[in-house]
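Chains A and B, in that order, are what the protein sequence lines are. Just so we're aligned, residue 1 is where the first sequence starts under this note's numbering, counting upward by one. Just so we're aligned, residue 1 is where the second sequence starts under this note's numbering, counting upward by one.
Pairwise CB distance ranges (calculated):
hint, chain 1, residue 1, chain 2, residue 2, range
1, B, Ser260, A, Pro336, 41 to 47 Å
2, B, Asn199, A, Glu215, 40 to 46 Å
3, B, Leu275, A, Ser325, 34 to 40 Å
4, A, Pro317, B, Glu440, 55 to 61 Å
5, B, Val276, A, Arg159, 44 to 50 Å
6, B, Pro330, A, Thr353, 44 to 50 Å
7, A, Ser325, B, Glu404, 55 to 61 Å
8, B, Asp352, A, Arg334, 54 to 60 Å
9, B, Gly259, A, Arg159, 18 to 24 Å
10, A, Lys67, B, Gly406, 47 to 53 Å
11, B, Asp390, A, Asn199, 56 to 62 Å
12, A, Asp115, B, Gly259, 49 to 55 Å
13, A, Glu215, B, Val276, 37 to 43 Å
14, B, Arg75, A, Glu185, 49 to 55 Å
27 Å max Cα-Cα, derived DSS-like pairs, lysine-lysine:
hint, chain 1, residue 1, chain 2, residue 2
15, A, Lys298, B, Lys221
16, A, Lys63, A, Lys452
17, B, Lys282, B, Lys346
18, B, Lys298, A, Lys221
19, B, Lys136, B, Lys63
20, B, Lys279, B, Lys400
21, B, Lys298, B, Lys452
22, A, Lys221, B, Lys221
23, A, Lys400, A, Lys28
24, A, Lys346, A, Lys232
25, B, Lys282, B, Lys459
26, A, Lys298, B, Lys298
Chain A is faced by these chain B residues, among others (derived, beta-carbon under 8 Å):
hint, residue
27, Gly220
28, Lys221
29, Ala222
30, Gly259
31, Ile296
32, Gly299
33, Val329
34, Thr387
No wet-lab data here; the hints were simulated from the structure. Cβ coordinates follow ideal geometry from the N, Cα and C atoms, glycine included.
Number of protein chains: 2
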Amino acid sequence: MLESNNLVTFEGITNSTAYHTFLLDEEKGRLLVGAKDHIFSFNLLNISKDNARIPWPASPTRKDECKWAGKDVPRECANFIKVLLPFNHTHVYVCGTGAFHPVCSYLEVGRKPEDGVFRLEPHVENGRGKSPYDPKLLTASMLIDGELYAGTSADFMGRDFAIFRTLGKHHPIRTEQHDSRWLNEPRFLGVHLIPENDNPEDDKIYLFFRENAMEGEHAGKATYARIGQLCKNDLGGHRSLVNKWTTFLKARLICSVPGSNGIDTHFDELQDVFLVSTKDPKSPIIYGVFTTSSNIFKGSAVCMYSMTDIRRAFLGPYAHRDGPSYQWVPFQGRVPYPRPGTCPSKTFGGFDTTKDLPDEVVTFARSHPAMFNPIYPINNRPIIVKTDVDYQFTQIVVDKVEAEDGLYDVMFIGTDMGTILKVVSIPRGSWHDLEEVLLEEMTVFREPVAIKAMELSTKQQQLYLGSDIGVSQMPLHRCEVYGKACAECCLA
Amino acid sequence: MLESNNLVTFEGITNSTAYHTFLLDEEKGRLLVGAKDHIFSFNLLNISKDNARIPWPASPTRKDECKWAGKDVPRECANFIKVLLPFNHTHVYVCGTGAFHPVCSYLEVGRKPEDGVFRLEPHVENGRGKSPYDPKLLTASMLIDGELYAGTSADFMGRDFAIFRTLGKHHPIRTEQHDSRWLNEPRFLGVHLIPENDNPEDDKIYLFFRENAMEGEHAGKATYARIGQLCKNDLGGHRSLVNKWTTFLKARLICSVPGSNGIDTHFDELQDVFLVSTKDPKSPIIYGVFTTSSNIFKGSAVCMYSMTDIRRAFLGPYAHRDGPSYQWVPFQGRVPYPRPGTCPSKTFGGFDTTKDLPDEVVTFARSHPAMFNPIYPINNRPIIVKTDVDYQFTQIVVDKVEAEDGLYDVMFIGTDMGTILKVVSIPRGSWHDLEEVLLEEMTVFREPVAIKAMELSTKQQQLYLGSDIGVSQMPLHRCEVYGKACAECCLA
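In isolation and in its complexed conformation, chain A is listed as follows (with noise of 0.2 Å):
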C-alpha cells in the first residue's frame, strides 16, 4: 500500500484481479468493491485501513466444466462479480459469473456503520439474466422497489444479449429475442430512472449502451451509441410480446465533430455514461464518453445531452422500413393509440396495464423498437476532444464546483492508461461556445492500466477508481499538493 502525491492505493491481492464493480454506501462509510472471487469492503476515509474481505469462488465442480468447454482457467472460470447493488436497508444484492454459471446471492451489511457485519448468504441463485457468463462482458444493473432491471448476456455463446427484470412479484420480462431490430450485439454501460413527471406511473428506465447499426442503417459494419426507455410499469403483452417489454424504444445518440465539408467525424463508441442533478430531477444532463471505432484514428471525446432532446427524439417518428431491399425512413402512416412507449397511467388515461394495450399497438411497438432521429449533443458538438495522445477516455465522473463567479462542472476522465484527466469546461463569452481547460493530469496506478471503474463521493469529497490491479483513492480537490498559496484560489 503506497501513498504518495495524496493518492492512497490499495494494490490488490495476489489470487484476485479486475476490480471493476463499485457499490459506495456513503452513509456508512463504505466502497464495496466486486472482483475475481472476491467481494471487498473499504473505509471511505482510508482505503488501506480497515478494508475487509469475503472470498466468493466458483465451485470446484463449475471450474472443471469451464475448463472442460475451452476456457481460460485463470482469466475466465472463476467468479468475476458483476452486480453489487442495494436490496434494502441491510443487505446487498451480488451477482458473479460463476465460471461461465452466473450466480447470485445477498450479502449482509448491517444496519448501522458501528454493526461491522459483512457476511455473504450461503444461498445462492441462479444469475441467468443478472451477471454475464464471460467476465469480458459487461452488465449494466439497477436494483429498485425490489426488481433487478439488467442488461446483458443471458447465455454461454454470448449470443443473446437482452434488458431485463428479475426478482420482484412479477413474473421476469425481457427484450424480444432473435430479433437484430431490437438489440444488435448491444454493450451495456448504464440504467438509470428518470421520472417523466409528478407521477410515479409514468417513471421510465433509461439504458445507455453501444450496439452494431441495424441492417441497412449503414454502409458497411458501424457501432451506434444508444439511449433505449423502459415503463418501469411495463408488465409485457397480453396475446404478444408476452413477458416482453411493451414500451422499449431505443434511439441514437451522436457525438460528432462538424467538418467544413459537411462530413462529420464521428465517436460512436459510447464507453461511460454520468448523470448529473439539475434542480429539475426529470431533467438531469447526460454526460457520455465516446471514443473512436477506427484502430488506425484514435480519439476521444465527452458529449453532453439534454432531457429535452432525449424525450423528443422519442416522441418523434419510429423508424421504419417495408422490407430488406428498403431504407430506413421516418414512419409516416398511422401511429396506433396510445403510442407505442406510453406508460399505462393516469396521465395519459384509457389503460391501467400494457397487458391491456391493443394488439395493434403490442404489434406496431414489436416492430418499430427505434426511433428515426438521432440525438444531438447540446451545442451539436463534444465539449472536449483529444486526439493525438496515447491514451482513451474510459470512465467519466463530473462535480458540481461552486467558484467565485458560479457553478461549474468538473468532469474526472478516466483513461485505458491509469490516468485521471481532471476538466472543466468554461464558456468562453456565451454558453453555446465552451473552452475545456485542463486542469490536471494524474497518474493513478503504477501500470498503464484501464481505469474500468469511477465513484465520487461528494461526502468524503474523495474519488474512487478501480482497475485491474487494484483501488485507488484521491481528493476531488488536491489545492495542497500545489503549496499553500495556491490553496486558496484553486479549482484544482
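Following the hints, complete the assembly by docking chain B onto the known chain A.
Relative to the frame of chain A, chain B by itself:
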C-alpha cells in the same frame, strides 16, 4: 533561381502563380507549364536555363465582367491555364479559365527541338466543357485522335459537372445532365485510355474522380473515390441519350484499412492517380493517392488496383434501387443485350455504333450508371498509410527501378507542405505482405506550399514539380548527395 541539394528551382515570376498544368515533351526536351496568365517552356536538362514564356492574360473586358460578378480579381479574374495537350507534331492545345470565361487556343512548338518555335495562335475559341470557369476547380483531360476528353465543370456557377468529348469530327458528347446518379459534384483527377483487347474498337477511356456518395448510398454526407469508363467510339444514343454517353459506367474505388472489430478506416478523398505500365498494355497497375474526409483525423494512403479487378466490377451487377425509399441493391433482373457498357465492335458483334443500340439498352444505361460492387485494392489494404504527420499526400508518380534483386516500383509522393517522399514497397516474405520503406524525404519548395503537379522523365531521370510559387527539378537518384561510397549501392 537557387540550386542546392541537387535541386534546380524556378522561383516563379511576380505577376503569375499556380504552376499546376504540366506537359512533358521528352522528344523535344521541353517541359511546358501552364500557370496564371502565362505558358512557360523549360529545358528538361535544367529548368533554370533557356526557358521561355508567353503571356496569355484574360482580356480587359472579361476581367471587368469577372470583377462585376463579385469575383476576387487577382485570385479568380485571370486566365489560369488548365489544359496543355499535344494536338499534333507541331501544335499543343491549350485552355484556360479566361477570368471565368474559358478559352482555348493552339500553341505552335515546332517539329524539331532545334526549331525553337514557341508561339500562341492568335485565334481563340470557346473553352466551355474544356477548362473550368473557376480556377479552384480541376479539369482532367486527354487528347487523342484529334478529340478532347475532359472531365470538368461547364458553367459559371460550378454546378454543371460533366465528362465531355469535343473537337474532332463528331458532334460534342457529354454525360447526362442534372442526374446526381451519373455525377454528384465530382472532382476529376485523371483520364487514361486503356485498351480492352487487340481490337481498337473496344478501346476504353477511364476517368478517375472523387464525388459525393449517391443519395441513399451512405448515412450522412460522404465522399467516394470513383473510376468511370466510356467507350472511345461512343457516339451517343439515337432516340434517348442523344449526344450523351451511352457507355458510361462508374464504380467505387475503396482504399481502407481493415479493423480488428470489423469496422474499416476509409481513405476516400482521391487526390491523384498514376498508371504504371506492365508487359501487357491492357493491364497497367493503378496507383491512387487518398486522404481522409475528416478534418479531425488527417491521414493519407496509397492504394494499388489491378485492371482485372476493375473490369470485374464493370462486368458485375449494376447498382439499382426502385425509388427514393429503397436501398441500393445489385440489379437482379434481366440485363438488356448488348450489356450496357460494352463498346460497339466486331468483338461482341451485332451493332456498329451506339446509335444502333436498342432503346431498352439506352434506357437501362441511363438509369444504371453505377456498379454495385466496389473495387478493392490489391491485397485489400493500402501499401502506404501515413497518419500523425502534419502533411497530407497530394501527388504521386512511380518509377520502375531495376535493383540487383529485381524490379522495384519507387514512388515519389508530393505533399501539401512542399515536400516529396521517396518510398519503395518491398515484399516482406510474400507479395501479400508489403513493407513500405521510406528512402528519402526532401523539401522542394522554400515555403510549405502544396505540390500540385508532378512529371517524371525517365529519359532525363528527373522529376519536375509544380506549386503555387514555382517549378522544381530533382534527379530521381541522388546517390552522390550521400557521398561516393554510398553512391554505388543505393536506391536513393
